[in-house]
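Please construct the entire structure, taking both the sequences and the accompanying hints into account.
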Amino acid sequence: MIQETKVIKENYRAHGKLLLTGEYFVLCGAKSIALPLQYGQRMEVSAGRQDGILSWKAFMQEGLWFSCELKLPDFEIVNSSDADKAAILRDTFRTIQQMNPAFRPESPLDVHTYIDFNNQWGLGSSSTLIANLAKWAKVDPFKLNETVFHGSGFDIACATAKGPIFYIRSQQPQPLELNYPFMDQLYFIYSGAKKSTRNEVKRFLNDGAVTQEQVERMNELSEAFATAKTLDEYQRLIAEHEQMVSSLLGIPTVKLQYFSDFNGEVKSLGAWGGDFYLIATPMDDRDVLNYFKQKGLRVVFPWRELVLNER
55 MIQETKVIKE NYRAHGKLLL TGEYFVLCGA KSIALPLQYG QRMEVSAGRQ DGILSWKAFM
115 QEGLWFSCEL KLPDFEIVNS SDADKAAILR DTFRTIQQMN PAFRPESPLD VHTYIDFNNQ
175 WGLGSSSTLI ANLAKWAKVD PFKLNETVFH GSGFDIACAT AKGPIFYIRS QQPQPLELNY
235 PFMDQLYFIY SGAKKSTRNE VKRFLNDGAV TQEQVERMNE LSEAFATAKT LDEYQRLIAE
295 HEQMVSSLLG IPTVKLQYFS DFNGEVKSLG AWGGDFYLIA TPMDDRDVLN YFKQKGLRVV
355 FPWRELVLNE R
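Per this note's numbering, the sequence shown runs over residues 55 to 365.
Take these hints with a grain of salt, some might be off.
Using 27 Å as the maximum straight-line C-alpha spacing, the simulated DSSO-like pairs for lysine-lysine come out as follows [what the hints assert, rightly or not]:
1. 216 x 192
2. 63 x 189
3. 111 x 125
4. 192 x 63
5. 189 x 125
6. 111 x 189
7. 189 x 216
8. 283 x 216
9. 125 x 192
10. 63 x 111
11. 111 x 197
12. 111 x 192
13. 189 x 139
14. 125 x 197
15. 197 x 216
16. 125 x 216
17. 139 x 125
18. 139 x 63
19. 111 x 139
20. 63 x 216
21. 192 x 139
22. 139 x 197
Quick list of simulated restraints, FRET-style, between CB atoms [stated by the list, open to error]:
23. 100 x 347: 38 to 46 Å
24. 201 x 347: 38 to 46 Å
25. 136 x 310: 33 to 41 Å
No wet-lab data here; the hints were simulated from the structure.
All C-beta atoms, glycine included, are put in the ideal place defined by N, C-alpha and C.
In structure tokens:
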């Protein structure tokens, strides 16, 4: 009697992220507001065809964007479409094995990942991967992220959150309701210039110096962002937040650099000079789209179409 080979089939999914308040300061223990997104990444693990090999393929909507083969059980790179990405993946798996020596996946294996956003947008292609790998390997995602990317962990918290959260590094995230009366006046716009969060974090940790007074003021700002009742109040908070980060980094605010004539406020999100901007404006949809289209920026999300709120 021929016995059917048992096929492994596991699925994991994690949400993308944006940091609304506290960029850079969150690394120093400040309270931040973090936003899980409706977009994210799914990971599928199944039986492979080639003995001793873990075949990895990463897809986004446009198709395959990265692939590699790792030799089991030591995860040595056999071949890849991108040597740097393959090295990070190999090192991540080896870190996982140090954290959980019982993680010894049986070969052969196929692992396919599916991102439902453009991986250049900076919405969490790395953090969602770390979160999914941690679920599979049964390790602490925050410790894994800290070891591999040295980040604050807010993105890992977003990966499984059902809505906005208050986040303080190394503390349990707190659920947060953001029911802004002016929500339809808020937009997220891709800057067209993704930055490496890993490199930005290293640079800041080497160069940055944040005082306790600044951390406490950022805590107050995050609380104020959470309870703002009017668009005018929200715009004032954005302007102060931008000035705080501008002073810390010695970089002009993004509005001053690029959008000085804009009717509203513009806030950088994540690593300054890259990723997304938050827009708060009294302008209507058409005027907002036209303004940023003239600036060459065409990826625009209204708040309600991007931020996850499943509570």
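message: For a quick check of understanding: which of the numbered hints are violated here, in increasing order?
response: 16
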